[in-house]
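Novice: Can you make the complete structure from the sequences, with help from the hints?
The listed protein sequences correspond, in order, to chains E and S.
According to my numbering, the first sequence is numbered sequentially starting from 174.
According to my numbering, the second sequence is numbered sequentially starting from 174.
The list treats identical chains as one, so a pair stands whether inside a single copy or across any two.
Below, simulated DSS-like cross-link-like pairs (lysine-lysine); rule was C-alpha separation at most 27 Å, straight line:
| id | residue 1 | residue 2 |
| --- | --- | --- |
| 1 | K505 | K482 |
| 2 | K505 | K490 |
| 3 | K208 | K189 |
| 4 | K389 | K402 |
| 5 | K438 | K349 |
| 6 | K176 | K189 |
| 7 | K406 | K482 |
| 8 | K383 | K406 |
| 9 | K503 | K532 |
| 10 | K208 | K489 |
| 11 | K532 | K482 |
| 12 | K176 | K545 |
| 13 | K349 | K285 |
| 14 | K488 | K402 |
| 15 | K503 | K490 |
| 16 | K503 | K402 |
| 17 | K503 | K406 |
| 18 | K482 | K208 |
| 19 | K505 | K208 |
| 20 | K490 | K208 |
| 21 | K488 | K501 |
| 22 | K208 | K488 |
| 23 | K545 | K489 |
| 24 | K176 | K208 |
Derived from the structure by calculation, the hints contain no laboratory data.
Protein chains: 2
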Amino acid sequence: MYKTILRNPGPTPVPKQVLQAMNYDMISHRGGEFKELFADTTNRIKPFFGTEQDVFIVTGSGTSALETAVVNTISPGDEVVVVTVGDFGNRFAAICEAYGAVVHRLEIEWGKACTEEELSEFLKQFNHIKAVVATYNETSTGVLNPVAQLANVVHTHSDALFIVDGVSCIGGVKAKMDEWGIDILVTGSQKALMLPPGLAFVSVSDRAWKVIEDNKAPAYYLDLLTYRKSYEKHMTPNTPAVSLIYGLQAVCGMIEEEGFDETVKRHEIMKKMTREAISALDLPLLTNDEDASPTVTAISEPADLEIEKLRGHLKKKYHIDFAGGQGKLKGKIMRFGHMGYCFPGDVLEAVSIIERGLKDFNHHFEYGAGVKAAQEVYLDYV
Amino acid sequence: MYKTILRNPGPTPVPKQVLQAMNYDMISHRGGEFKELFADTTNRIKPFFGTEQDVFIVTGSGTSALETAVVNTISPGDEVVVVTVGDFGNRFAAICEAYGAVVHRLEIEWGKACTEEELSEFLKQFNHIKAVVATYNETSTGVLNPVAQLANVVHTHSDALFIVDGVSCIGGVKAKMDEWGIDILVTGSQKALMLPPGLAFVSVSDRAWKVIEDNKAPAYYLDLLTYRKSYEKHMTPNTPAVSLIYGLQAVCGMIEEEGFDETVKRHEIMKKMTREAISALDLPLLTNDEDASPTVTAISEPADLEIEKLRGHLKKKYHIDFAGGQGKLKGKIMRFGHMGYCFPGDVLEAVSIIERGLKDFNHHFEYGAGVKAAQEVYLDYV
Chain E
174 MYKTILRNPG PTPVPKQVLQ AMNYDMISHR GGEFKELFAD TTNRIKPFFG TEQDVFIVTG
234 SGTSALETAV VNTISPGDEV VVVTVGDFGN RFAAICEAYG AVVHRLEIEW GKACTEEELS
294 EFLKQFNHIK AVVATYNETS TGVLNPVAQL ANVVHTHSDA LFIVDGVSCI GGVKAKMDEW
354 GIDILVTGSQ KALMLPPGLA FVSVSDRAWK VIEDNKAPAY YLDLLTYRKS YEKHMTPNTP
414 AVSLIYGLQA VCGMIEEEGF DETVKRHEIM KKMTREAISA LDLPLLTNDE DASPTVTAIS
474 EPADLEIEKL RGHLKKKYHI DFAGGQGKLK GKIMRFGHMG YCFPGDVLEA VSIIERGLKD
534 FNHHFEYGAG VKAAQEVYLD YV
Chain S
174 MYKTILRNPG PTPVPKQVLQ AMNYDMISHR GGEFKELFAD TTNRIKPFFG TEQDVFIVTG
234 SGTSALETAV VNTISPGDEV VVVTVGDFGN RFAAICEAYG AVVHRLEIEW GKACTEEELS
294 EFLKQFNHIK AVVATYNETS TGVLNPVAQL ANVVHTHSDA LFIVDGVSCI GGVKAKMDEW
354 GIDILVTGSQ KALMLPPGLA FVSVSDRAWK VIEDNKAPAY YLDLLTYRKS YEKHMTPNTP
414 AVSLIYGLQA VCGMIEEEGF DETVKRHEIM KKMTREAISA LDLPLLTNDE DASPTVTAIS
474 EPADLEIEKL RGHLKKKYHI DFAGGQGKLK GKIMRFGHMG YCFPGDVLEA VSIIERGLKD
534 FNHHFEYGAG VKAAQEVYLD YV
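Specialist: Right, dumping it as structure tokens:
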């Protein structure tokens, strides 16, 4: 017997209340009960996006959400700027390329966010950009891009749409889609929204609709025009993942009960707790404080131990599951997820287990220092 | 308080064992536990397809499964024959057209299956068909096409791939993909596989792989080459719907416990029970015995009452949920689903409630005759 602890940056732990809601009797996706459920949930998730626009629900993973944004707005030959600060930025670029876009990559060093100046300078080179695509929270590096500022740069320099991947943060961070000028904002269910994987969410601005209505690229399953038509009748064009939408209703209730501003604050606290703890354990952080994500923290390899060995040991001996690196950071970092159904006590638990594991490697640090540092952050807030 | 009864042709009732499995603690989709789960389930579902080939799991609805078959094999300008016997055949054709195929529709009267002769005659007109696409079980009409025979016709007349939509029957009917010569066979989770919606399954023959490897149409989320590459490592290219795959493992155990041949026989029994009962109630059946589906029965409108009124009344007063018609049969039929977690006793329950409802409309029939007729079929088998 052991207790497994999931501290991955997604899929994240699912609360019992959500599991219970997912256990409701199956219903027809064309009947009145479903329409009520759908209207209710699609309205209640709007604050997490900071939008008054409709939020569409696609049955699929986060990647299907990115693809939905691309295939509905980009035609072959269109020029697109992709701001990439890590592996998921590259994925977004790869999707654009798969559909024939001419992609201009603004590649930022992994572990850093894109600045307004960098985007502004980069955009000056191009005259006919259809869309600028960026990642809000880059899961592979634990970086939060300043999308409010980047949106401003995009709209100052061009008529391009600003399309944002919010997969690993929406529901756990502040998002003001309408106010900031994000044209399409997408996310997935299995991150800060604390559901199992299987739902993708796509919110669309009026500006984006004009492009979508004129777009010529082929789409069927991910065709937003069919989603909009069905949405008016509180339905989806294809059979939706009904049980996950019941779960979503429970999620909305839980976040509303905490108060979404408090949810955002909790993620900020956990970010600071985690970062102070990791530093106190004499482990290097990949990102600086300003660029760091509120939902996932990337821990770099210290001089005296192999980070993948530490990660494997923590998993095998202490049954705690952190993620490794992706892409060019594979084997070089360990990622500590602190989003969704995760609370300060969970951070303290995870930090204490990292400390215990580090002792097995004779890593030099003051035992208990990580927990103490995290506790001190916690004290400042509550 | 009331008990709701779901007798739709999907989503279908989900067994408690499956719900319980879906409640397991969330796990990382990149870790060892997931790889074991994935290898186990993808092997155990092969008998339901009648294949030794790999069965890929896509997070999406049944439509995403159809689209996966199309975008991986059909390039713009390719000629495709679509055998359409109802609304889902038309959907398959629409997907082919959305992706630029030249579609030749073999349209069969709704309520009838396509015969070998009809397909054979139709195919003689064309010389360069890339694929022939057909529906195994047409949900909108309750018709089962003779896909074994149709496969033989396709391979006799052409080098075309034979692509089959098995969404509303796989897991409840005999399927011998390899033996019959089906090149791609797809299904969804929410029908005879008695899971909530959210998983799509795609099995691919060696012949189809040759076409897929050469195909030029764009794809990313549904790109089977990426699924094949990940499958070798017992993973999916994108985040899978982990909880549904846990549920699938429970489904495999349940069908194995019954014995898949017995599962198929149970569906045959329920088909005959339903048909005999409906006839005994003096309600017309849309299809003849030979073409009728083992998973869903379409009841046509009798002369003395409006079928949509009956359906609405049964739902409102007796809390039993049948489906209405789709496409050109909208308002003209009522569909009785008997697949997945449905047993002869469930058929008797549903028939008894239809009888009760018919009495409210003063429909002329011998009260109890439907249940009796179904019972007599049941007696022949057990």
